[in-house]
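Line by line, the protein sequences give chains Z and V.
Numbered per this note's numbering, the first sequence spans residues 623 to 1051.
Numbered per this note's numbering, the second sequence spans residues 10 to 360.
Heads up, a few of these hints could be off.
Chain Z residues, not near chain V, derived (Cβ > 12 Å throughout) [as the list claims (entries may be wrong)]:
| id | residue |
| --- | --- |
| 1 | C653 |
| 2 | K845 |
| 3 | G935 |
| 4 | D970 |
| 5 | L986 |
| 6 | V1020 |
List time: in silico BS3-like cross-link candidates among lysine-lysine, alpha-carbon distance up to 27 Å [stated by the list, open to error]:
| id | chain 1 | residue 1 | chain 2 | residue 2 |
| --- | --- | --- | --- | --- |
| 7 | Z | K1035 | V | K352 |
| 8 | Z | K1024 | V | K351 |
| 9 | Z | K985 | V | K352 |
| 10 | Z | K1046 | Z | K1035 |
| 11 | Z | K999 | V | K243 |
| 12 | Z | K838 | Z | K1035 |
| 13 | V | K30 | Z | K759 |
Hints in this document: simulated from the structure, not taken from any laboratory.
Since we're looking at a predicted model, the values are computed, not measured.
The beta carbon of each residue, even a glycine, is placed where N, CA and C say it ideally should be.
The primary structure of each chain is shown beneath.
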Amino acid sequence: MTKSVEIAEATLPQRVVIPLRQSLGTPAEACVKVGDDVKVGQRIGEPDGFVSVPVHASISGKVTAVGRFPHPGGGEDIAIVIEGDGLDEWHESVRPRDDVESLTADEIRKITLGAGIAGLGGAAFPTHVKLSPPESKPIDTVILNGAECEPWLTADHRLMLERPGDVLRGMKLLMKAVGADRGIIGVESNKPDAVAALKAAIHDGADITVTAVQVKYPQGAEKQLIDTLLRRQVPSGGLPMDVGVVVQNVGTAYAVYEACYLGRPLTRRVMTLTGSPIAKPSNFMARIGTLLSSLIEQAGGTKTDIGKMISGGPMMGIAQFTTDVPVVKGMSGVLFLARSEVDERQPDPCLWCGACVHVCPMKLVPVMIEKLVINEKIEPAVEMGLNDCIECGSCSYVCPSKRRLVHYFKYGKLLAAQKSAAEKAAAGK
Amino acid sequence: MQEHLVVSASPHIREDVSVRKVMYSVVIALVPAIVGSIYFYGPRALFLTLLACAAAVLTEAVIQKLRGVPVAVTDGSALVTGILLAFNIPPGVPWWIPVVGSVFAIAIGKQVFGGLGYNPLNPALLGRAFLLASWPVHMTTMWLPGRGGTLSGLSLSGIDVVTQATPLAIMKSVNAVISDPASTTHQIVQAREVLARLGSSDTIANLFIGNVGGCIGETSALLLLIGAAYLMFKHYISWRVPAAYIVTVAVLTSIFGGPTGLFTGNALFHILSGGLILGAFFMATDMVTSPVTPRGMLVFGVGCGVLTTVIRLIGGYPEGVSYSILLMNIATPLIDGRTRPKKFGEVKQSG
């Protein structure tokens, strides 16, 4: 729907709500207070621990509130509200760098952390952590994920098409940071224009190849992409670094480029706003903290009633309860479904048809794990691979009985995590 | 505008498929064989089939009402059970046979366990087994000849080869005569003649088309295969169970199926007779009672094939499809548990 819509700069928001929880791990801690004047790129949240990223002001203006606001990850969370002054002035710490070529791996990591970059593909895993593999896990390949994790979302596609040179610059920095000689960009074969654009942009001797991969959900899932491109299977419970690979999203590479070349922290991102209720489905370059209600207006408003508003794609996205949630670093798009498109049929009894087994990309037996979780038999469920589930949604999608398999897997994982946390606490006493 | 946004777990889109769709597709797939049964055995076949369906649906509705659960007979699953049960009874039985069978199939075979999805055994086959145990004469002798009266004229002195008997029953008695040392030379010569005619291309062709004696829906391999192809095209049944089942029967019967030693059996005859096609494509593939894992499906099919062959060649019944599937149904949870696919990334890490 939006694959041929150029990225449009969203209008400067008058007010932004910037959550401190912008990545996996620990949320940042506010380092400004109500009444402070801030400028674009100024740090307003300090990272708390290693797996945490700083947060920056995305507009210039005055901090008017620090409190709990709706968060696209679900529920409410602490956020900093900035009323804009309309000037859009950069903070003095933001300065382009002309010695990028001479940056060391360590410096690149530091800049990445300082810029608050967290995986822009959706999971928002702190990028500097991924770039810091232990010495026992040498990395030989960086994979850039251009497979667009979900149908409907086109943010990565547009970025590859419109800024291929910058994406490649970011990729080279990522390769340098982990000491990998080889780079592969995996792009789904239904985006030949993006493949061509990237190929045309590779003109020096760097070992970067662009590979068209089969269009097949969930091709954009990290472990599946590695398997497709390199025939390496990430061990169960392991990470890509266990097979010598770091996977980064196209948007992340672009953010690393901006951070290293332009000195800009992550204060904006490309995101898709789409779905049948939207008058003009769009790809926006939007400031972090922009409320979606304002982006909906810029996309021409709605044609029909919104039944569902989903942060992310149709298969793995999170349904929102209000349009007053802000754009966050991990938000690659927002999908709107009309009321008539919302399928909330009550589940029928399981037929044991095995469709979920057939479709599971992790080769699990979803039907059995579901029954175990329903009966709260968490340990056997984990033994059968509950925690290997990547929540891609394929099983629920194909289920003729409309069973809510992923729903139970999420619930089961939560119970499993609580249980192991409780056991750890008990052992610590 | 932002009132009443629906919040639920992902995924937010679903494939356009439902239990109802699956079940009615099975019904559609069985239509060619129903039409065939009317052609071969007359309108009585349709009458018995309709009775079985009505009894199945009604029983399901009454029990669901009594259990206080939503009455969901429109999902089509009881209808499928009714048709399959009718397919498994001889066309010459009295009207109450399919009715009793359907009531038993739904009440004891399905609802007792909690209804759709919870039954360990194929309800239609359980109904047939019940009928076979309770009214063996009705269930094993009330055949009607196929339209062309094929296989008539195969008479064998001293043995009760009813002209309307099923091909497998004839084969069984003929084989018994040949391997019985007490048989007279005349009997053996006659028996060999019959055997030769059973294995002739004429007979095989009639078996394929369905122009022979047998249960209402089991005789026409051709019409059943048309329906099966439709279900496979729709991905509602997998090739694994039928393929493993049929290949196993073919291999075993060609080796052990002959009266005079190894490798004298007629595999094609065994595949096309005795409801093997019906069983392999429509009964053994029953979603609820067959394994969900790919390897499990193969194991299940092979198991059915072995049991069918053993029953046919050694057991007391001429055919063995229904009992072998029922027996393998029981093993399904065990098979599933032991054939779980290797998880993605499930590798022994060195060091």
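So, going through the hints one by one against the coordinates:
1. C653: Correct as stated: the minimum Cβ-Cβ distance to chain V is 32 Å, above 12 Å.
2. K845: violated (7 Å)
3. G935: The assertion about Z:G935 is violated, with a minimum of 8 Å to chain V.
4. D970: Given a closest Cβ separation of 5 Å, the condition is violated.
5. L986: violated (6 Å)
6. V1020: violated (5 Å)
7. Z:K1035 with V:K352: Holds. Z:K1035 to V:K352 sits at ~17 Å (cutoff 27 Å).
8. Z:K1024 with V:K351: holds (26 Å)
9. Z:K985 with V:K352: Status holds; Cα separation ~5 Å.
10. Z:K1046 with Z:K1035: holds (16 Å)
11. Z:K999 with V:K243: violated (34 Å)
12. Z:K838 with Z:K1035: holds (26 Å)
13. V:K30 with Z:K759: violated (50 Å)
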